[in-house]
Structures are given as C-alpha cells and as structure tokens.
Amino acid sequence: MTPSQRLDATFAALADPTRRAILARLAQGHASVAELAEPFAMSQPAISKHLKVLENAGLISTAQDAQRRPRKLEAARLGEATAWLEEYRQFWERRYSALDELLGQLQAKPPKSSRKRH
Amino acid sequence: MQALIDKAEVSLPSDTEIRVVRDFKAPRTLVWQAHTDTTLFQRWIGGYPGWSMPVCEMDVRTGGKYRWRWRMDESGQEFGFFGEFREVDAPAVMVQVEYYDPGTMGGAMDDSKPTINRTTFTEKNGVTTLVTLIKYGSKEARDAALSTGMTDGMETSYARLDKLVAEQQQGG
Numbered sequence: 001m002t003p004s005q006r007l008d009a010t011f012a013a014l015a016d017p018t019r020r021a022i023l024a025r026l027a028q029g030h031a032s033v034a035e036l037a038e039p040f041a042m043s044q045p046a047i048s049k050h051l052k053v054l055e056n057a058g059l060i061s062t063a064q065d066a067q068r069r070p071r072k073l074e075a076a077r078l079g080e081a082t083a084w085l086e087e088y089r090q091f092w093e094r095r096y097s098a099l100d101e102l103l104g105q106l107q108a109k110p111p112k113s114s115r116k117r118h
Numbered sequence: 119m120q121a122l123i124d125k126a127e128v129s130l131p132s133d134t135e136i137r138v139v140r141d142f143k144a145p146r147t148l149v150w151q152a153h154t155d156t157t158l159f160q161r162w163i164g165g166y167p168g169w170s171m172p173v174c175e176m177d178v179r180t181g182g183k184y185r186w187r188w189r190m191d192e193s194g195q196e197f198g199f200f201g202e203f204r205e206v207d208a209p210a211v212m213v214q215v216e217y218y219d220p221g222t223m224g225g226a227m228d229d230s231k232p233t234i235n236r237t238t239f240t241e242k243n244g245v246t247t248l249v250t251l252i253k254y255g256s257k258e259a260r261d262a263a264l265s266t267g268m269t270d271g272m273e274t275s276y277a278r279l280d281k282l283v284a285e286q287q288q289g290g
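Just so you know, the protein sequences line up as chains B and H, in that order. Its first residue numbered 1, the first sequence is counted upward by one per residue in the numbering used here. Its first residue numbered 119, the second sequence is counted upward by one per residue in the numbering used here.
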C-alpha cells in the first residue's frame with residue numbers, strides 16, 4: 001500500500017461510529033472480541049466485520065495470546081491520520097473559539113453602567 | 119452519555135464529505151443568530167489579525183443569496199465565498215450551495231464547483247451541538263480542501279505577512 005492508499009484505508013475505517021468507539025476502547029488497553037462487542041447491541045460476528053476493516057487499515061492488530069486473541073491499537077497509524085487532519089481541524093477551531101467567546105459575551109450579564117463593553 | 123465537545127472534531131463520513139462538530143454552552147437561537155446576523159457573524163468567522171471583511175451580505179431564507187469577502191489589509195489581497203441558501207429552517211437547519219471566490223489569490227481550489235454545506239443546530243440541556251457537513255463534488259476536491267484549500271488562502275498570506283514583517287524589521 002502506498003502512503004496515500006494507507007490514508008484512504010484509514011479514513012474509510014474511521015468513517016464509522018462503531019469502529020471509532022472500538023478504537024477509543026482499545027486506546028485504554030487490549031480487549032478480546034467479546035469485550036469489544038459488549039457495549040454494542042451487536043453480535044460478535046458483526047463486531048468481527050468491523051475489526052477486519054480496522055485490521056486491514058493497520059489500525060489494530062492481534063496481540064500474542066493464541067487463546068484470547070486480544071486486539072490492540074496501532075497508535076502510530078492512527079496518529080498519521082490525526083496529524084493530517086489537524087491543520088484543517090485547527091482552522092475550524094480558531095473560528096469556533098471566537099464564536100465561543102462571542103456567545104459568552106452575548107450571554108453575560110449587562111453591566112450596571114450604560115457604557116457597553118467591547 | 120456524551121461528553122461536551124468543546125474543541126472542534128473533524129471526521130470523514132464518506133469519500134466526498136467532511137464533518138465538523140462542536141458544542142457551545144448557549145441556546146441554539148443565539149448560535150443561529152451568530153450565524154445569520156451579519157454584525158455578529160463577522161465577529162467570529164474570520165477574525166485574523168490583518169484581515170478585514172469588506173463584504174458580508176446574507177439573505178437568510180430559502181433561495182436567498184450570500185456573499186463573503188476577506189481582504190488582507192497589508193497587501194490588498196482578497197478572496198471569499200458566495201452562494202445561495204437551498205434550505206433555511208430557523209433555528210435548526212441551513213443548507214447552502216457554496217462557491218469559492220478566488221479573488222486575487224488564485225490558489226488550488228476548484229472555483230467552478232460548489233460544495234453543499236449542511237449545518238444543523240441541536241439544543242439539549244442548554245448546550246447547542248453544531249454539526250457542519252460539507253459535501254464536495256469529488257474525492258479529489260475534498261482531499262484538496264483538507265490538505266491545502268481551506269487554509270491555503272489565509273495561511274499562505276499569513277506566512278507572507280510574517281516574511282514582510284521580518285524584512286521590515288531587518289531593514290531597520
């Protein structure tokens with residue numbers, strides 16, 4: 001896979017809320033398929049399908065334990081995708097921080113004096 | 119139970135879309151107002167030092183048009199966006215067909231194809247969740263916007279301004 005194809009596979013894998021939740025859980029440590037399926041109203045085969053997508057993208061792998069086969073997060077690969085989006089995210093966050101501040105000002109109690117604050 | 123999204127989150131729901139989510143501790147009528155009142159809108163949409171917004175027109179109704187233009191005071195360079203409101207359902211939803219106006223900047227964005235931007239305002243327990251979904255005409259256009267398009271105009275000129283300031287400082 002070229003780096004560009006890898007990024008595509010990563011973003012396709014991330015474009016699903018269940019898979020994002022699985023990654024969030026694995027960020028806290030290894031987990032078996034049963035443990036990963038538990039919070040969702042979803043069968044293990046259904047979860048396994050999601051795990052396959054994540055594995056193909058290289059975002060998770062199987063840790064050494066032939067019996068339990070716990071999955072683990074491949075943080076570096078996830079980090080690549082996050083870094084690539086970061087500049088774009090900051091573009092929006094700058095505006096939204098300014099909006100946050102404006103909304104705070106608009107909701108603040110008006111001062112007792114008649115002079116308006118800017 | 120979902121935690122407060124107090125920093126913008128970006129995701130890619132499909133090959134041609136970008137989704138941005140952010141929570142605000144304010145009623146949605148106020149967040150809507152900040153998006154549709156031109157005086158308020160200007161106070162957050164492009165508050166970069168050295169940039170002004172010489173044009174900010176919005177006719178917020180279905181079929182209404184809008185036009186935004188930013189200007190870098192130092193160089194006089196300008197760029198902007200314009201388009202039409204396809205759907206307006208205050209204070210819950212607005213859908214815009216948006217075109218990039220390259221102005222004097224040139225740049226990498228495809229200025230002939232619009233994006234469809236859908237913004238929803240959902241309030242719960244005094245918190246408004248703002249979701250913006252931007253749909254591009256192609257994966258290439260979406261990826262270009264992610265990597266250079268949205269930031270190119272502002273960041274490139276910001277770098278130029280930095281350089282200009284540095285040169286002036288060296289010149290004494």
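Among these hints, one or two may not hold up.
[Said to hold, decoys possible] Using 27 angstroms as the maximum straight-line C-alpha spacing, the simulated DSSO-like pairs for lysine-lysine come out as follows:
(1) H:LYS183 / H:LYS253
(2) B:LYS72 / B:LYS52
(3) H:LYS242 / H:LYS231
(4) H:LYS257 / H:LYS143
(5) B:LYS49 / B:LYS72
(6) B:LYS109 / H:LYS242
(7) B:LYS49 / H:LYS257
(8) H:LYS125 / H:LYS257
(9) H:LYS242 / H:LYS183
(10) H:LYS231 / H:LYS143
(11) H:LYS125 / H:LYS253
(12) B:LYS109 / H:LYS183
(13) B:LYS52 / H:LYS183
(14) H:LYS253 / H:LYS231
(15) H:LYS143 / B:LYS109
[Unchecked claim] Simulated restraints on C-beta separations:
(16) H:THR222 / B:MET1: 45 to 53 angstroms
(17) B:ALA41 / H:GLY255: 31 to 39 angstroms
(18) B:ALA63 / H:LYS125: 44 to 52 angstroms
Calculated directly from the structure, the hints in this document are not laboratory data. Note that the Cβ used here is the ideal one computed from N, Cα and C, for glycine as well.
Taken at face value, is the distance from the CA of H:LYS183 to the CA of B:LYS109 at most 27 angstroms? Answer violated: B:LYS109 to H:LYS183 is near 35 angstroms, above 27 angstroms.
H:LYS257 paired with H:LYS143 [C-alpha distance capped at 27 angstroms]: 34 angstroms, violated
Within a Cα-Cα threshold of 27 angstroms, do H:LYS253 and H:LYS231 meet the stated pairing? Measuring from Cα to Cα gives roughly 11 angstroms; hence the hint holds.
Compare the distance between the alpha carbons of H:LYS242 and H:LYS231 with 27 angstroms, and conclude whether the hinted pair is satisfied. Between H:LYS242 and H:LYS231 the Cα gap is close to 36 angstroms, so the pair fails against 27 angstroms, i.e. violated.
For the pair supplied as a hint, B:LYS109 and H:LYS242, confirm whether the alpha-carbon distance does not exceed 27 angstroms. Distance of about 22 angstroms is within 27 angstroms: holds.
Do B:ALA41 and H:GLY255 keep their Cβ atoms within the hinted range of 31 to 39 angstroms? 37 angstroms, holds
Taking only the CA atoms, is the gap from H:LYS125 to H:LYS253 under or equal to 27 angstroms? 22 angstroms, holds
CA of H:LYS242 to CA of H:LYS183, is that 27 angstroms or under? Violated, because 30 angstroms separates the two Cα atoms, which is more than 27 angstroms.
Sort out whether H:LYS257 lies within 27 angstroms of H:LYS125, counting only the CA atoms. Since the Cα atoms of H:LYS125 and H:LYS257 sit roughly 26 angstroms apart, the hinted pair holds (cutoff 27 angstroms).
Outcome of range test on Cβ distance (B:ALA63, H:LYS125; 44 to 52 angstroms): Given range 44 to 52 angstroms: violated, Cβ gap about 31 angstroms.
Between B:LYS49 and B:LYS72, does the CA-CA distance stay at or below 27 angstroms? 16 angstroms, holds
Does the structure keep B:LYS52 and H:LYS183 at a Cα separation of 27 angstroms or less? 46 angstroms, violated
The structure fails to meet hints 3, 4, 9, 10, 12, 13, 16 and 18 from the earlier list, while all remaining hints are met.
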